Amino acid sequence: MLLLKIAFRNIFRQKRRTVLTGLSMFGGFVMAAVFIGWADGSYNHIIDDFTRHNFGHIQIHEKDYLDRPSLYKTIDDYPRIRSRLEGIGEIDSFAPRVYSAGLASVGEKSAGVRIIGIDPARERSTTAFQKKVAQGEFFPAAPAHRALLGKDLAGMLHAKVGDDIVVVSQGADGSIANDQYPILGLVDSGDPLSDRTSLYLHVRDAQELLVLGGRIHEIAVNIGHLKKVGPTAGVIRREIGHPGLAVDPWQVFARGFYLAMKADMEGMWISLVIIVLIVAIGVLNTVLMSVLERTREYGVLKAVGTKPGQIVQLILTEVNIMAFFSVLLGFGVALALNSILASHGIRLGVEFSYGGMTFDTFKSEINARSFIIPAVTIFVSASLVGLIPALKAARTDAARAMRTH
Amino acid sequence: MSPQDDPIIVTEKLEKTYRDNGVEVPAVRGINLTVHAGEFSAIVGPSGSGKTTLLNVISGLDSPTSGEVWLRGRPLSQMNGRQLSDFRRDHIGFVFQAYNLIPVLTVRENVEYIMMLQGIGKGERRRRVRKMLEQVGLPGMEGRVPPKLSGGQQQRVAIARAMVSRPALILADEPTANLDSETGAGLIDMMRELNRQSGMTFLFSTHDRMVMDKAARVITLKDGRVAEDRQKT
Ligand SMILES: Nc1ncnc2c1ncn2[C@@H]1O[C@H](COP(=O)(O)OP(=O)(O)OP(=O)(O)O)[C@@H](O)[C@H]1O
Ligand SMILES: [Mg+2]
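In order, the protein sequence lines correspond to chains A and B.
Residue numbers 1 to 405, in this note's numbering, belong to the letters of the first sequence in order.
Residue numbers 406 to 638, in this note's numbering, belong to the letters of the second sequence in order.
A portion of the hints provided could be inaccurate.
To be verified - Short derived list, chain B residues pointing at chain A, Cβ under 7 Å:
| # | residue |
| --- | --- |
| 1 | D467 |
| 2 | I507 |
| 3 | V509 |
Hint data in this document are derived by calculation from the structure and do not stem from the laboratory.
Just so you know, these numbers come straight off a predicted model, no measurement behind them.
Glycine included, every Cβ here is placed at the ideal spot set by N, Cα and C.
Chain A on its own, in the form it takes in the complex:
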């Protein structure tokens, strides 16, 4: 239709202004696309690293364990589940854990502790636990009746590597559990609360102390790709086929961390608002100017029978054609930038640490939403802002516009 032709040609008529309008949309799009791609990449990297090295992406417990942890809420058939998990291709690694509380003393000093039984070989491949051993050594694969202490707990107990620590707790059979272990090493997990309370034993030493037999409390599972956490949890649930057990993704059992990450991501929306503003000001300025300059043309169009709605359409078409080409061009540039940032990342001048993990380079992620969100934002905000001059043009009083003096 002719209106489309008029729209197209009007765009080429004032090249400077079109370039300005286009640049604001192009710039807004590229900024948003790069920012979202980078933010997504960074957050997912932090989340992946943090969950992988702390809790695992997925955890399995007795179904009420997370709500009210207890020595008695156990996974009873670990050997069977272990062989099932080993058959699931999506799983990278997994590690069983035992938890209880007790009292520990070294010499005169004593403190409440959290007893954590771990499988050294599996923990190595799952959470790289050995890297958290700050002093002394990590457990050998076989149970050796040794203990690891959180470094702050060791400080409180004035304990050092080689000292003996006495642990008192309650056995699952109701008996009083107590034993003495030489301290093999000190753990710096990056989490001060954990380092102030944790006492680690080989999972089989812990089971013996707590009279648990083969029972455990938790299995931490890491998978190949963080994004597949939901479907993989489903696969695990199906494979182990045990209604008494809960298989949860990290968003459930690491809820606090999840909420903190989500809150941080809200920052993204603020950046979108800024982009909307840039686009809005760019579009409003230039489109309003050209509408004011063309009052006579709208007067003629209206005088010969063009309807106000068609004039609104004309101007919104102009704005959206500019948006289309700006986004198209921006897509190419942003894709290139995101690809570069996905392989090289951005090096922060300073190290950034989160929960004991330090990061200094963040890489972008190439995903659909980092292009779709900015594109939709540009089209919607350009159209909304374009509506102001469009309505103004549509209301042109032809009689007044055509007066030549």
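Since the structure of chain A is provided, determine the placement of chain B with the ligands on it from the hints.
This is chain B with the ligands only, laid out in the frame that chain A set:
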């Protein structure tokens, strides 16, 4: 009633008063006018006498303060904005003093525009545009753009656009004011010729003596009133 007696425009006690910063400016003060189909009439009068205002109110571009306009027997006050806009599109051709054309459209597209709004097919449009451009003396100019045409040529295109959809009435507000006298007279001659051929009614305003001498009827306004209405024989 012969077609010659069929009134195409009737105004009754037509008044238009502008409000300018609280001051009332009476521009048209009680005009009773009848224009019959096929007339070729000029509205003349000093600057500020209300020529533009009268034409704008007659076309429905502007609304009267009081009084009524009937176009082909239909009272404009009964139409809403949409109906007025359709009515103008289908029954009135406009020629303004200047800036008549959409600069980004070619001559052909400018002339075609109203027919497109009316939904007339492409073949028919092209045929009519070609014929119309011949009639206004611009054959083969379809592909040109308005900024590359002279003032006189632009006004001819405007007349072609006004006439091509075959409205009953052509309103032209000082169509020759931006042209030199000779070109202006030539344009009016052409309009007169088209008026004779097509039977369309022409009502135009002018300052130019040479132009008004070519009109069959000269309506002289003064201070918003008809001071003289002279029919030539
Ligand atoms: N929008 C307006 N607001 C206030 N007064 C107006 C407006 N338009 C026209 N007028 C006044 O109305 C009167 C008639 O104006 P109009 O333009 O109809 O005269 P005209 O005969 O066409 O004059 P010209 O020969 O200069 O074109 C003038 O006094 C003019 O100042
Ligand atoms: Mg005038």
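Tested hints:
Nearest Cβ of chain A to the Cβ of D467 (chain B): about 4 Å, under the 7 Å cut. The hint holds. Interface restraint check: I507 (chain B) against chain A, minimum CB-CB distance 6 Å, threshold 7 Å, status holds. Interface hint status for V509 (chain B): upheld, as the beta-carbon distance to the closest one in chain A is roughly 4 Å, under 7 Å.
Checked against the numbered hints listed earlier, the structure breaks none of them; every hint is satisfied.
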